[in-house]
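K.L.:
Numbered per this note's numbering, the sequence shown spans residues 434 to 828.
There could be a bad hint or two in this list.
As the list claims (entries may be wrong) - Within a straight-line C-alpha distance of at most 27 Å, the following computed DSS-like cross-link-like pairs (lysine-lysine) qualify:
1) Lys542 / Lys495
2) Lys508 / Lys520
3) Lys751 / Lys712
4) Lys542 / Lys648
5) Lys520 / Lys488
6) Lys743 / Lys760
7) Lys488 / Lys522
As the list claims (entries may be wrong) - The calculated label-pair distances, taken between Cβ atoms and stated as ranges, are:
8) Asn668 / Gln642: 40 to 50 Å
9) Lys520 / Asn735: 56 to 66 Å
10) His573 / Asn524: 12 to 22 Å
11) Thr489 / Glu716: 39 to 49 Å
12) Asn776 / Gly580: 31 to 41 Å
It is worth saying that the hints were derived from the structure and are not from the lab. The beta carbon of each residue, even a glycine, is placed where N, CA and C say it ideally should be.
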Amino acid sequence: MASENKDAKRILSLVDYIGGDYQNAVADGKIINTDEYNEMLDFSATASELGSSIKTDKEYVKDDTRLLSKLINDKADVQSVLNLSNKIKQNLISDFNLKTYPDTAPSIKVGRMLYANNCSQCHGLTGMADGQLADGLVPHPANFAKGDLIEGLSAFKVYNTVSFGISGTGMPSFPNLSEEQKWDIAFYVLSIRYEDDSQYLASTVDIPQDLNNHKVLATISDDDIRGRLSSRSYNENQINNIIAGVRTHSHLSKDINSDNEPLILTVSLLKESISLYEKGDKELAYSKAIDAYLDGFEKIENKLAIKDNKLTRNIENKFGEYRGQIKSGEPLQTVKTTYQQLNSGLNDASVLLTNTKPLGKFLSFVQSFAIIVREGLEAVLIVAAIIAFLTTTGS
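Model the full assembly from the supplied sequences, consistent with the hints where possible.
P.N.:
In structure tokens, the structure reads:
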């Protein structure tokens, strides 16, 4: 069943991509972009192969994916390809119980940091496709800051691309990212072009009720939203504000304390570090461990020390231990154990930083008070038992 679902997800990813991009490859029965068309041929052939091999009694999977491949080979009209793609998508989602949205509202703040660590080398920090590796890639990385592509992009499509990559291009898959992290990146990508428009970030943006839901927003593009709103009594400026609002507004994000952001970066860099060590890249793993401390933990170290100095020192010591083990090439399991201990300490720090008052002395007081109460209660029970004994014996 797991294998079936994996293949179904892969087919879903491919037909979703085809449905959105075929219009850039063919128009009026003619190829308008050879690279795009070749990509459509490749993806539809892969979908057809998966559809033929998947173990299911749903015959449409084989028949419809094969038909989709034929339509693309025949350079069929855009609407026919789009209609069949949508039909396959809806059937797969229904019959294989595939989820097209995250369980909880994604965090755009976390997405921003994950994007910076995993995507900016190609797509650029501002989404302008101007990262340091961009010039060497064919085709060029997608531009998330402007252009027609971003208008037709949904978070679900970005999520699928991050999950599976795009064969024949420089876009890899990211198996080391969790499902939650992939969705965080996907929602962030759709917010990039609105980041500098502070007017859109105000909490006064009036979001229509049907768009005030991350499950809905996961599967629709800005073009889709524009289509929905244009049939209502909204002018163009209002529509633009609403689209920007739903893509950036904090009501869609987890409530993350700003002090926790450096910790999120710390955890992300440490995860990269241990992954690199597993692959045998000791030097880069050490470098990431340094970055995790200097670019992340150090930013909140003083604040954390005010709340719990002992925890802060323990984390600091674990950082030193972790770096030392990497540098000396300790066994992987030894380094992993320290990594897990370090992560546990960072998790405790995260909990503390969500509170507004120093907790170190307060926690010590509560613990001491609990001991006193417990000891006192035990003493009372002992005295009560003695009195009861004396009463029954008549002493």
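K.L.:
Check each numbered hint against the structure and report the violated ones by number, ascending.
P.N.:
1, 8 and 10
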